[in-house]
Amino acid sequence: MQSSLSLSFSQGSSAVALAPRSRLSPDSLPLASPAAPASLRFCGLRREALGFSSLRKSGCGASGSVLVASQNRAPGRVSASASDNGSAPKSFDYDLVIIGAGVGGHGAALNAVEMGLKTAIIEGDVVGGTCVNRGCVPSKALLAVSGRMRELQSDHHLKALGLQVAAAGYDRQAVADHANNLASKIRNNLTNSMKALGVDILTGVGTVLGPQKVKYGKDNVITAKDIIIATGSVPFVPRGIEVDGKTVITSDHALKLESVPDWIAIVGSGYIGLEFSDVYTALGSEVTFIEALDQLMPGFDPEIGKLAQRVLINPRKIDYHTGVFASKITPAKDGKPVTIELIDAKTKEPKDTLEVDAALIATGRAPFTQGLGLENVNVVTQRGFVPVDERMRVIDANGNLVPHLYCIGDANGKMMLAHAASAQGISVVEQVTGKDHVLNHLSIPAACFTHPEISMVGLTEPQAREKAEKEGFEVSVAKTSFKANTKALAENEGEGLAKLIYRPDNGEILGVHIFGLHAADLIHEVSNAIALGTRIHEIKYAVHAHPTLSEVVDELFKSAKVHSQAPSPVSEPVAV
Amino acid sequence: MASSLLPNAATSANADPTLSFSSSLSPWTRRFPSSAPLPRRRRRSLSVQSKVREIFMPALSSTMTEGKIVSWVKSEGDVLSKGESVVVVESDKADMDVETFYDGILAAIVVPAGETAPVGAPIGLLAETEDEIAEAKAKAKAAANSGSASPAPSAPKAEAAAAPAVTATPAPAIPQPPPAPGPAKPSGKVVATPFAKKLAKQHKVDINKLVGTGPYGRITPSDVEAAAGIKPSNPAFSVAEPAPVAAAAPPKPAAAAAAAPPPLPGSTVVPFTTMQAAVSKNMLESLTVPTFRVGFPVSTDALDALYEKVKKKGVTMTALLAKAAAMALVQHPVVNATCKDGKSFTYNSSINIAVAVAINGGLITPVLQDADKLDLYLLSQKWKELVEKARSKQLQPHEYNSGTFTLSNLGMFGVDRFDAILPPGQGAIMAVGASKPTVVADADGFFSVKSKMLVNVTADHRIIYGADLAAFLQTFLKIIENPDSLTL
Chain Y
1 MQSSLSLSFS QGSSAVALAP RSRLSPDSLP LASPAAPASL RFCGLRREAL
51 GFSSLRKSGC GASGSVLVAS QNRAPGRVSA SASDNGSAPK SFDYDLVIIG
101 AGVGGHGAAL NAVEMGLKTA IIEGDVVGGT CVNRGCVPSK ALLAVSGRMR
151 ELQSDHHLKA LGLQVAAAGY DRQAVADHAN NLASKIRNNL TNSMKALGVD
201 ILTGVGTVLG PQKVKYGKDN VITAKDIIIA TGSVPFVPRG IEVDGKTVIT
251 SDHALKLESV PDWIAIVGSG YIGLEFSDVY TALGSEVTFI EALDQLMPGF
301 DPEIGKLAQR VLINPRKIDY HTGVFASKIT PAKDGKPVTI ELIDAKTKEP
351 KDTLEVDAAL IATGRAPFTQ GLGLENVNVV TQRGFVPVDE RMRVIDANGN
401 LVPHLYCIGD ANGKMMLAHA ASAQGISVVE QVTGKDHVLN HLSIPAACFT
451 HPEISMVGLT EPQAREKAEK EGFEVSVAKT SFKANTKALA ENEGEGLAKL
501 IYRPDNGEIL GVHIFGLHAA DLIHEVSNAI ALGTRIHEIK YAVHAHPTLS
551 EVVDELFKSA KVHSQAPSPV SEPVAV
Chain P
1 MASSLLPNAA TSANADPTLS FSSSLSPWTR RFPSSAPLPR RRRRSLSVQS
51 KVREIFMPAL SSTMTEGKIV SWVKSEGDVL SKGESVVVVE SDKADMDVET
101 FYDGILAAIV VPAGETAPVG APIGLLAETE DEIAEAKAKA KAAANSGSAS
151 PAPSAPKAEA AAAPAVTATP APAIPQPPPA PGPAKPSGKV VATPFAKKLA
201 KQHKVDINKL VGTGPYGRIT PSDVEAAAGI KPSNPAFSVA EPAPVAAAAP
251 PKPAAAAAAA PPPLPGSTVV PFTTMQAAVS KNMLESLTVP TFRVGFPVST
301 DALDALYEKV KKKGVTMTAL LAKAAAMALV QHPVVNATCK DGKSFTYNSS
351 INIAVAVAIN GGLITPVLQD ADKLDLYLLS QKWKELVEKA RSKQLQPHEY
401 NSGTFTLSNL GMFGVDRFDA ILPPGQGAIM AVGASKPTVV ADADGFFSVK
451 SKMLVNVTAD HRIIYGADLA AFLQTFLKII ENPDSLTL
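Protein chains in written order, with UniProt numbering: chain Y, 1 to 576; chain P, 1 to 488.
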């Protein structure tokens, strides 16, 4: 698996570049499970999109882009499962066993208990997985600090507000402790919530022994009617890079904030890299980005990426090398700095050598699926990812579904975000309790918690245009600026842009991208609309409190021009 | 006015990229000795009989130093008419269409889309007639070649163009060396931090000529600032010499508040740093305290002799004076007291000697806590640590605001006497001048030469009276003149 991985990534940077998208996790760090390289996720996304659209055609017709829960199937399924229960109620130790107690496994477990399933969760490391311990959660603590530091250091901005603040400083260890304390608090919350609901937490490494049979720890074997694999991912380190955990580090180490180097190179300008650049520059480091693709932030909508670069990169103490791979990185030792050899991404010719104080490898995440015993059920991973269908059912080497085995989260690589894993887990529980459910990945929002934040849901403009060309519809784009928003101006944070990509013929929302103050919180109005299939001409009459940042989104909907032949949004209450 | 012209001058001076560019196109350079005109002055170059014109990277904003070509609206061979958009340029602020000022044919694109060029650098060539297209193309090719000949054209940036620029001497007088004198990068590779590079670009500093002082010899932002002759953006602590808290400043409260006359032309206004603002605030506050001053000369021959002995053990004069003051304060607790509310004495439980330290552009008072209890050597060591911390801005608040008595010494600057402003919250401050040989007559009428220094104490008269200070100074004098007790 490793070798196949390295093969696909040896060009590392491309993987990197894409990674950001996949890792959109709301937290900026891979959430639940460590992840898959972005490029993968990219493909996954697109596939998803296509799959969805075909689904939509066959199933819901015009109604659209919403999740399809075909109700008609449900009753049959329910009775079937009921009869299963009746016939062999005692033959299994558990109704559902989840391998991996990350955010995905946790979400599935909670929903399973609610649905009345006897549930166990197996964890070989610590409860909470990547998101809680080494990802979104601690990184948010660091970003909270960096955001405030940035505010306090911005004399110009403070002066404009009439504030005077003496020089801001920080205590590195206290900042690190804040991140660590937050992680343990959330971890405890997670553990307690599962214990309180009666989920059995089994400690040990979980292995699939065969159909409906799992081993954990040394030799505890249990049986379960259904099994969910939710083992997540680990940081991906390309070949030639020696990680020593001190001067050459991954996000796992960086989140402990054991040092704040004067100059750090960040390999990969995706979500992880971007967020760490925000942290490090706020704490006084200078940053050099190394990106394999020709432009920074390759996973973002190009227009948003460009604006973000103007705000997040250019004015800060950051420079970058694009179109290059870091072919070799040697940690600092014997009085020498960290050295990074760069080669041209296309020609592979040596281009430059950098000498820096530290290097952070943020080239994406690789699925953590080794030792899972997948060979026992004849499943072959693809670059480490567990192949699944759109209902998260695991596909074996012959292309057949493995009954009662599901895989969610980063381990399947569909969308490497914590909340995506959780949503997939809930979707699986719905299915095993008899309700057919297909998750619409296009309705899953993603966010990058820089200052200001970036968020998105659905397709980027190029993706939308490609799809439009293939399917023969028209695409329109509406934009609004934060400069026109009262609340943003009151905060003196007018920098920002929101962009809506939609179909003018029927008002379908294809994608929304926001860069600006609290963008990560603003995106949900849109992701909910997409999830529910709400059209622009329906939602544009919804009222937003004034003055709030949510009016940015309101403006977006109102400025969209949906052709008038579209059906009237609100059916008037007229007596017939 | 004069100052506002400066930037312009600077801009044109740094048309060096342009210069270098043309020097690489030597024949052509000779045809246009006017040297590369800046875009906004292009009109002037009309007088030159040029047939092939350069299209320059325009300055789209006041802060723009370089621009990226987003896309060429026209392609090579297209006929352009005045006012047409030719190219889209991305500045630090926005993307803008750039128009041509002339009719002509776009003969060659020198900087392709996606690449970056400094403001004023040629990005394309405009030929007047078709005949000149070939000529223009040849120039462009020559330029490109010489550009790429320069070592390691790293990144698809404008470095290739900029690098030779630096070395080109600023005069068309230069002979015509066909290949631009590409600065063969010194074998020792130049390493500069990201911010250093940004600053260098902003201030037009040739980074290749700097000597880095950072770790591993890298060029740091402060190296660039030093080379550009500007003040460091965040003042680095450099000096750590004791200085009076308010010594020189004549207490003229009106000065600050008085309606200032209009500044002289050319004056610059530099806002206070945080530290300077704190000093200013403290000094103003000191005006609410009724102070008076008492001083007299102290003979230092014995002290100097002792200092010679203990110097090699790392003891500094500062530590000696602090220790002496602390020992005197033990016997005169009122001088170590504070008047907090104007109604009472607050006798401090410990003797913490604050020592004024001048720091590049500021002033801070690290505190030797319990200076009476620590021995001279510990005190010296402590002092060394404090100065180090002050330099690296690591002083914790209790290490600079817990003083109960302040010592200020301008002796090393040759100052023979001064008086200090009493810092708020303390009862007294001692100002120490230089020790210098003085002729003295003793009681018997014998003359001799002794080293004397003037010691002057400023105190809060609400709690410390003249007799108190006089007694304190007597004790201090005895300790300084018989300094052996200092080493006990």
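Please note that the accuracy of each hint is not assured.
Among the chain P residues that face chain Y by a calculated CB cut under 7 Å, a handful are [what the hints assert, rightly or not]:
1) Val190
2) Pro194
3) Phe195
4) Tyr216
5) Thr274
Cut-off 20 Å, straight-line C-alpha distance, at most; resulting in silico cross-link-like pairs (SDA-like, lysine to any residue) [to be verified]:
6) P:Lys197 with Y:Gly169
7) P:Lys189 with Y:Thr339
8) P:Lys393 with Y:Gly169
9) P:Lys51 with P:Glu132
10) P:Lys312 with P:Gly295
Hints listed in this document are in silico derivations from the structure and should not be mistaken for laboratory results. The beta-carbon is built from N, C-alpha and C at its ideal position, and this holds for glycine as well.
Hint check results:
1. Val190: It is violated, given that the least Cβ distance between Val190 of chain P and chain Y is near 11 Å, above 7 Å.
2. Pro194: holds, 4 Å
3. Phe195: Because about 4 Å separates Phe195 of chain P from the closest Cβ in chain Y, which is inside the 7 Å limit, the hint holds.
4. Tyr216: Since chain Y brings a Cβ to about 5 Å from Tyr216 of chain P, closer than 7 Å, the hint holds.
5. Thr274: Nearest chain Y Cβ about 4 Å off; hint holds.
6. P:Lys197 with Y:Gly169: Not OK: Lys197 of chain P and Gly169 of chain Y at ~25 Å, beyond 20 Å, violated.
7. P:Lys189 with Y:Thr339: holds, 13 Å
8. P:Lys393 with Y:Gly169: Roughly 10 Å between the alpha carbons, so the hint for Lys393 of chain P and Gly169 of chain Y holds.
9. P:Lys51 with P:Glu132: The given pair, whose Cα atoms are some 7 Å apart, holds under the 20 Å limit.
10. P:Lys312 with P:Gly295: violated, 31 Å
Hint check: violations occur at hints 1, 6 and 10; the rest are consistent with the structure.
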